Amino acid sequence: MTQRGRCHVFGDGIPLDEGVMAFKFAIGRITDPEQLIPHLFEGIDPTFAARVRPGDFVLAGRDFGCGKPHIQGFIAMAALGMGVLCTSMPYKAMRGAISKGLPVLTGCEHVNGFAQSGDDIEVNFASGQAINHTQGKQVQFPPMPAVLQDIIAHGGAQGQLAAWLKAHPAQSAPAGAPSALIDGTPVQIVRKGASA
Amino acid sequence: MTQAAPMTATQKILARACQREHVLPGEVIYPHPEWVIVHDGFVETAYKELHALGYGAIANSERVMFVTDHEVAYGSQRAVERGRNIRQIAKAWKVGQVYDAGRGGHGHIFPMEQGLIKPGMFLFAYDMHCTNFGAVGALAMAAGTEVTAVLATGSLWTRVPETVRIDLKGRLPVGSHARDVGFLLAHGFAQGRWGVEHDYRVIEFGGPGIDTLDLASRVALCNSITEMGVANVLFATPPPGIDAQNAPDFISDANAPFEGRFDFDLSSVAPQVALPGGPDRAEDLERVLGQPIDHATLGACGSGMYQDFADAARLFQGQRVADGVRFFVVPGTAQTARRMADDGLTQIFLDAGAIMLPPGCGPCAGGSMAPLGPGEVSIATAATNHAGRFGAHDGHIYLGSPLTVAASAIAGCLADPRLLIHT
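Each protein sequence line maps, in turn, to chains A and B.
Residues in the first sequence are numbered from -9 upward in steps of one, following the numbering used here.
Residues in the second sequence are numbered from 32 upward in steps of one, following the numbering used here.
Calculated directly from the structure, the hints in this document are not laboratory data.
It is possible that some hints are incorrect.
Unchecked claim - Here are the computed lysine-lysine pairs in the DSS-like style, where the Cα-Cα straight-line distance is at most 27 Å:
#, chain 1, residue 1, chain 2, residue 2
1, B, K149, A, K156
2, B, K122, A, K82
3, B, K122, A, K156
4, A, K127, A, K156
5, B, K79, B, K149
6, B, K200, B, K122
7, B, K125, B, K149
8, A, K14, B, K79
9, B, K125, A, K156
10, B, K149, A, K58
11, A, K14, A, K82
12, A, K82, A, K127
13, B, K125, B, K200
Claimed, not checked - Covered by chain A, according to a simulated footprint, are these stretches of chain B (three or more residues, beta-carbon under 8 Å):
#, stretch
14, 48 to 60
15, 149 to 162
16, 203 to 209
17, 279 to 286
18, 410 to 422
Since this is a predicted model, take the numbers as computed values, not measurements.
Glycine included, C-beta positions come from ideal geometry on N, C-alpha and C.
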């Protein structure tokens, strides 16, 4: 699991709401990455969306993604094939990132001293080894647990569930099986003898 | 032969759940639960997600439990439809335990009351307040929306959490309650008072003080510190009345690797409220006495056990609910409701002018039942009190103990229960 790209360096305590992504997209339940990408990190750096390229990295300090664990920013970052290196992340935010297929390395002490914005870096998530090609240096961060690498390899939680079903065909619904739900239509209470 | 490395209770329970001798905090594992509990607010969503992926069957369906506690009395046509869908889904998925409307009661209480939850057990639940089960020494992890993965595959990746141990000392003064302890602890953690982290930590209670807390008090304490983002809450020994004779080892080793540890003196606790906005906004009740109220609720997952109602009912001897106050009593479970009816507690509440609601969450499930109106003020034993929790976004919810809620319902304003307790 090696990725190479350029760095975007942020400090401590970047919140998900209004930091990574405006809250209005969370409350609007927007999950389409095309709608979300132009607004990534807009509240902190309005030029970010114009500069970011697929495969880039976010380097952040402590408590990256604090606040309510909304996943809109992670959807946009995962769609861009980005990666995150941070000192720490609230657990629920970390789960949200992994669930959306965004690779993260947490526990990276002094990560902001490793690179500056614009540096060209290469990160092996499985080993935790990171190389800064611009500055010609190499550091060792804690690797991503194998279990999480597997989820990222499936593109996140949904991909993992699809793969599980493929491996366990006995759990498949027969083709064209109807849903057990009355879907979205209000229940009509029909009383005998009542006029229409 | 080297001696096995010491473990916390959480490590022991999680190691057993993934059939290993030992796990370390920080490790990511796939533990297998003995129960998977999903409430009526999420069953349809889980089904839609898995049906869209092509799933027709779930894993270990005999261990899955559907509970109906959020909208028990079907306050809308949509709720009627949801109830029908849940029954259909349960049939399609061959769900092992189905507690329909009016059966069981609150899914964070009745499984414990009925002995389905045992010391040392590991389980997953959709809802975060499953931490209640820590009161009997069981570890229930809140999977949230990811419970669909548990339904599909039988497990979910879980990072083994660190543990912060709190040793309780002394005994609560008369009129103070475990819920008051919870508000003080939540506030202290949020302020960093003890220099320990709480994000995704298990808070374990031990020390001589825990012997003074009955099951309802332990549940209240587990419940009132849950919202601050802990991984779980555990009591180191089961309360009186819970059989742990045949339970697997669920006690932390003496030299277990606790990340942090501190003492807390129960005898120093005065009645508290949590100000509107969150359970961690603790304030001395004395500083807000006299705040008029429109609405009061006794019940919900953290204070819905028989003892909670028995304690509150004692304050109602010869007293009535104040004019202009809607006072709702929500027994946690069908069994508790029956017991209250049998032994006269229900009569005491009804004589005082209370409104009895069916077992379940009551107004705390978003105000689908007995809601709060715009600008109105409530005092409740609810799990949380952020804006909109009881319906209106500009309603104001204070949290307090069952004793404080009862005293306030009688006075028509926030009131001190100690004035009504005659020892």
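So, going through the hints one by one against the coordinates:
1. Of the pairs offered as hints, the one joining K149(B) and K156(A) is violated, with about 35 Å between alpha carbons and a cut-off of 27 Å exceeded.
2. Restraint check for K122(B) and K82(A): the C-alpha separation of about 32 Å exceeds 27 Å, so the hint is violated.
3. Of the supplied pair hints, the one linking K122(B) and K156(A) holds, its CA atoms being roughly 23 Å apart against a limit of 27 Å.
4. For the hint pairing K127(A) with K156(A), the CA-to-CA distance comes to about 43 Å; that exceeds 27 Å, so the pair is violated.
5. Our distance criterion of 27 Å between C-alpha atoms is broken by K79(B) and K149(B), whose separation comes to about 32 Å.
6. With a CA separation close to 49 Å, the supplied pair K200(B) and K122(B) exceeds the 27 Å bound.
7. At most 27 Å may separate the alpha-carbon atoms for a hinted pair to count; K125(B) and K149(B) meet this at roughly 24 Å.
8. Annotation: proposed proximity of K14(A) to K79(B) holds, straight-line Cα distance about 25 Å (limit 27 Å).
9. Distance restraint check for K125(B) and K156(A): the Cα-Cα separation of roughly 21 Å lies within the 27 Å cut-off, and the hinted pair is therefore satisfied.
10. With a C-alpha separation of about 32 Å, the suggested pairing of K149(B) with K58(A) is violated against the 27 Å cut-off.
11. Proximity of K14(A) to K82(A) is assessed by CA-CA distance (about 20 Å); at most 27 Å being required, the pair is judged to hold.
12. Taking the CA atoms of K82(A) and K127(A), the gap is near 32 Å; set against the 27 Å cutoff, the hint is violated.
13. A hinted pair counts as satisfied when its Cα atoms are at most 27 Å apart, and K125(B) with K200(B) does not qualify at roughly 47 Å.
14. Taking a C-beta to C-beta cut-off of 8 Å, the stretch 48 to 60 of chain B contributes 3 residues in contact with chain A, enough for the three needed, and the coverage statement holds.
15. Judged by the Cβ-Cβ criterion of 8 Å, the stretch 149 to 162 of chain B is not covered by chain A as claimed, because only 0 of its residues qualify and three are needed.
16. For the stretch 203 to 209 of chain B, the assignment as covered by chain A is violated, since 0 residues bring a beta-carbon within under 8 Å of that chain's beta-carbons and 3 are needed.
17. Check on the stretch 279 to 286 of chain B: 0 of its residues sit with their Cβ under 8 Å from a Cβ of chain A, so the three-residue criterion for coverage is violated.
18. Residues of the stretch 410 to 422 of chain B lying with their CB closer than 8 Å to a CB of chain A number 0, which falls below the three-residue condition for coverage.
Checked against the numbered hints listed earlier, the structure breaks hints 1, 2, 4, 5, 6, 10, 12, 13, 15, 16, 17, 18; every other hint is satisfied.
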